[in-house]
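Asker: Sequence:
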Amino acid sequence: MSRFAYVNGLYLRHAEAVVHVEDRGYQFADGVYEVCEIRNGRLIDETLHMARLERSLKELRIALPMSLPALGVVMREVVRRNRVREGLVYLQITRGVAPRNHLFPAEGTPPSIVVTSKSAPSSAGDRKAEKGVSVISVPDNRWERVDIKTVSLLPNVLAKQAAKEAGAYEAWFVDANGMVTEGSSTNAWIVTPDGVLVTRPAESGILRGITRTVLFEVAKAAGLTIEERAFSLEEALAAREAFFTAATAIVMPVVEIDGRPIANGAPGTVATELRRRFHEFAAEAPARVRG
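Residues 125 to 415, numbered by my numbering, are exactly what the sequence shown covers, in order.
Calculated from the structure, these hints are not laboratory results. Just so you know, not all the hints are guaranteed correct.
Lysine-lysine pairs mimicking DSS-like chemistry, simulated, CA-CA at most 25 Å apart [said to hold, decoys possible]:
(1) Lys255 <-> Lys284
(2) Lys252 <-> Lys242
(3) Lys255 <-> Lys288
(4) Lys242 <-> Lys284
(5) Lys288 <-> Lys344
(6) Lys252 <-> Lys284
(7) Lys242 <-> Lys288
Note that the coordinates shown come from a computational prediction; the quantities given were computed from them, not determined experimentally.
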């Protein structure tokens, strides 16, 4: 089956979808993106993703290429054309196409937009969650504005590759004070010996993950206590449980960090229950995508 993409107003076959060589996303990583889960043919937490997109664009002073409702229509159409029932939709907006210059392009230069979608059956993630995954720690060498979801992801790419080469699934960044910030594409959590959930505050140093945000509601409904504070790598190694969250992983138990097991080296009950209950709280867009 042919895949389709949306590029600057056109729905194109995926193999024919291209951007200009002087697009500032390519030249300067001058753009932002969002990734939204598709479940049962519906966009999950679209409103929250669009709010974060709008904030990211505002922080970089990039104009919205169209209204948020119109963006939603485009995303759902790309999902429909790709017949995705379970998977992801990716949205990227850059400052546009202009002659290469570090200065912003001329006023009125239209932003560029790309939307793609692909199937990713939830069963694959469920199988990983049953056994849990391992992570490694790497020094946090990113710029300070990681609260903006930009396409400038080279340190994340290198961290993810380092994890793969070490036989791990994810890498957790550790700052100069020995405190865990977040994963290369996920938010990091631990469960203390007293059963308290701990995750780093999202005011600075990490991206405010949408799955992370929804998990606060899930945990509250389950009667769990959450502390937003930094935690060290050593505290993570001594934790009752560890896990990470992301739209691509939901809640994923971590059973090993840097080759050392967490607790008994098996997925914990808290992470497993939070994963099971997550979609009871995640919002689905009202418009069903036809498969």
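Asker: Check each numbered hint from earlier against the structure, then list the numbers of those it violates in ascending order.
Answerer: 5
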